[in-house]
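Protein chains: 2
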Amino acid sequence: MTDQTKIRSGGRAARRAARAAPLPDHMRPVRAGLTGGAYRPLTADGMDRIHAAVLDALEQIGLADAPPSGVAYLTGAGASLGTDGRLRFPRTLIEDTIARANRSITLMGRDPAHDMELSGARVHYGTAGAAVHLVEVDGRTYRECGVQDLHDAARIADTLDNIHFLQRPMVCRDISDNLEMDLNTIYACCSGTTKHVGVSFTDPSYVAQAAEMLHMIAGGEDKWRARPFISNSNCFVVPPMKFATESCLVMEECIRHGIPVLLLSAGMAGATAPSTVAGAIVQALAECLAGLVYVNAVQPGHPAIFGTWPFGLDLRSGAMTGGSGEQALLTAGCAQMHKYYDLPGGAAAGIADSKLPDMQAGWEQMCSNVTAGLSGLNMVYEAAGMHASLLGFCHESLILGDDLIGQALRCVRGIEVTEETLALDQMRAVCMGGPGHYLGTEQTLGRMETDHVYPRLGDRTSPKEWSELGKPDLLAKATARKAEILSRRSAAAFDPALDKALRERFVIHLPR
Amino acid sequence: MTDQTKIRSGGRAARRAARAAPLPDHMRPVRAGLTGGAYRPLTADGMDRIHAAVLDALEQIGLADAPPSGVAYLTGAGASLGTDGRLRFPRTLIEDTIARANRSITLMGRDPAHDMELSGARVHYGTAGAAVHLVEVDGRTYRECGVQDLHDAARIADTLDNIHFLQRPMVCRDISDNLEMDLNTIYACCSGTTKHVGVSFTDPSYVAQAAEMLHMIAGGEDKWRARPFISNSNCFVVPPMKFATESCLVMEECIRHGIPVLLLSAGMAGATAPSTVAGAIVQALAECLAGLVYVNAVQPGHPAIFGTWPFGLDLRSGAMTGGSGEQALLTAGCAQMHKYYDLPGGAAAGIADSKLPDMQAGWEQMCSNVTAGLSGLNMVYEAAGMHASLLGFCHESLILGDDLIGQALRCVRGIEVTEETLALDQMRAVCMGGPGHYLGTEQTLGRMETDHVYPRLGDRTSPKEWSELGKPDLLAKATARKAEILSRRSAAAFDPALDKALRERFVIHLPR
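Chain order of the listed sequences is A and B. Counting in this note's numbering, the first sequence runs from 499 upward without gaps. Counting in this note's numbering, the second sequence runs from 499 upward without gaps.
Identical chains blur together in the list; that is why a pair holds if it fits in one copy or across any two.
In silico SDA-like cross-links for lysine to any residue, where the CA-CA straight-line distance does not exceed 20 Å:
1. K721 x D993
2. K975 x Y952
3. K969 x D636
4. K740 x A927
5. K721 x L996
6. K837 x T541
7. K969 x T639
8. K721 x A999
9. K837 x A550
10. K962 x A628
11. K962 x E634
12. K962 x R814
13. K969 x E642
14. K980 x L1008
15. K962 x A817
16. K740 x P933
17. K969 x A817
18. K721 x A709
19. K721 x H755
20. K962 x T639
21. K962 x D812
No wet-lab data here; the hints were simulated from the structure.
Required output: the full structure, derived from the provided sequences and hints.
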């Protein structure tokens, strides 16, 4: 539009000086828990119709395969067990459950600075998943991932401002014993970050040992129960409309041990859920509401994140796809229904189908991440690092995701309209007898750090500067940053005495 | 989240067969003119306050530097000329102008199939800009761009479903005579695409010759005036709040010759506009409303696109940045104000600061493109191909932009809520005595082409398939597609007799 992209650098020294002073956290342009909600893909009528279909589904179709304990809990709460083995939920039970459920959940970090308050349209971004490959940018390679890769991901996430939590994004493929894998997942995550951690458990009988580890890390059961810093990502349903029997038992165990639960329904639209966006949302909501009844029947008020995670499918191939516009709609539609119910919730966004952190990955990750944030999703899971439709996790992509999510968060923060930001006085002063430009005005300088998000690795140089710098490659910069982060001692590392005790009590696979 | 991303391929043959039949245009999952508006970054109160500030700015500050003809038109319409040379606009004049302005504009293509109806929240994406470099992916090079590059861009855009118009994205740097440059820009664009074309004129005296060329292309002045297929991208203001004297005269000439006008206000937030998002929007709106009064004073009802294009600035360096979250907000906020006024409008989105089509470019282009679409922006300019904060244009990026915008358009289309899409009947049939999955249901198969956008170059293979395919590189695929497009004869090429006549009448730089 104009060739003149460089403007006078008047006040540059002043701007540099202003920038030198670090910002207090509350003045940072973006941060965890900003309020979204300006994007509403569903109309009020659409939401009512979805809700009506959800109630019908729960009342008429119900869910199969609850474990005997679940049948007892749920029939005790008011559900009825049909001769076909399906538990059906009267609408009053659902409505009462919604009415009594937590309006707010605090997910805690080992460091309280990382606590997240899930309520309203407050937005948090983090990792998640169960990738089985580490994506190596150098060499464009997919290889099996292991516990060291997971720990490195935790350490990297710990340093990234816009990654607010670490749900385990990769499976420790190098640990064959499932119990050891589950325990080492906790160890690898928690020794790498003091942010909130999400993990899953393969078997209900593992939860007690995990709790023992958590008590040790916390410094006692009482301290753990006062500030639980991990949650259980629990696939309590096998869509469509069946409880995952074992996972339900894991959930019951987690509740007993004070572990917050993510009620995760992960239907695939077109395979295990209806292919339509609205239909997949209906089913996910129905399943998660059944889960919410379950949790509250076991322990009223136990923190449970409403995890409607419908995924997209490429209907041509039958393979999962998470990078599509349909995925962005699935997630944003769920987020809006969470607000409809006023339930703290989460869903998946930021998934790339692309195998590498290339342009496709950038557009895929941004599309669902920015729309998820704008829709006010409390927990945006899978937000960074995820490739190949969840099969691969990439450290460099995680690092770049920090920039990407920073920008999405700037959108979530929105447009501030005040006397000052409307800037009529400035306009008057600048245009009538003033300098004719806004460079160096008090308002411009005063807001340059608090209003604007600057990318850390994203490049804003001119073609000339870029060329003079040797045309730096984005991925090479991310790889260098990864090396730099991992070369430092982690601020989250366990105290040596604790580490020793953990290693004596458990088989820890991470080298000391 | 789950390792199982591949589901049974039951019905694959049926799906393949269904896919073989081409879709009629109205059944395509996305198309030009889909209705956005689900994203509203401004509250109702915020919009009222912005409007009030706009009226104050026009009444109290006004605009300087109108040409004498403009002063005559505008004072004739009711503006008053101050002793300081500024034209001030009473609020009744502004309100009357808004009330009487076009609610709808049709921008026509040389092929009527590409006509765009600009009204309400109907969304169209296309190119724009005045890049001075062509970005060569192979070699990562910025070189001066020329008329052949522009023509190639037009030919590529002509083949891309999700690029709905071609505003000239690059300057013909290889044509030193400005008149020849302007005329050859029209020739290079119109001989490459039958979609609507936008151009600018360096001097008011060039418009008559341009009109002569347009009459020849149209087959006569009457045919041109009945279906004008180019518009004039007119930077009629030099922000803050000054008319661009020469450009105003160009505008007057364009109006006389029946050329629709894009009233383009391109302030830079923090330099030529207030640094705050709200303030930059206020100023852009004030400037464009002044332009709207001007156009309607010259010729009531002449088609004028309300072009509020505030750009972002990196306040640390003083350089323009178009890839930021702030940019996305500037554009979406403007779009919402267009709806507030019910004026057909456009703004800039899709700009990458990145020098190359890499991950950064992907996230930057998607962020502002998807939010612009969701905000219901009628004309999303600069939507594809633009790098280095508008200094470079890249053919490969344009091609990839087609996939990116297809996905953004899928989000714009939104979530359909009907009895069928709520899918309760399907859910019932599948879960209770049915197959337990939705693969191959009539609804899944029936909607696989009409509901889902499939990327053309975007990769959805599994890591295994991808590896077997030789790990295809996204940019290499785009380069191959570019070669393929340009190897064919353009469907938009002029009839040989017309081409001969044009070449006899004008100095045409493009080789035959």
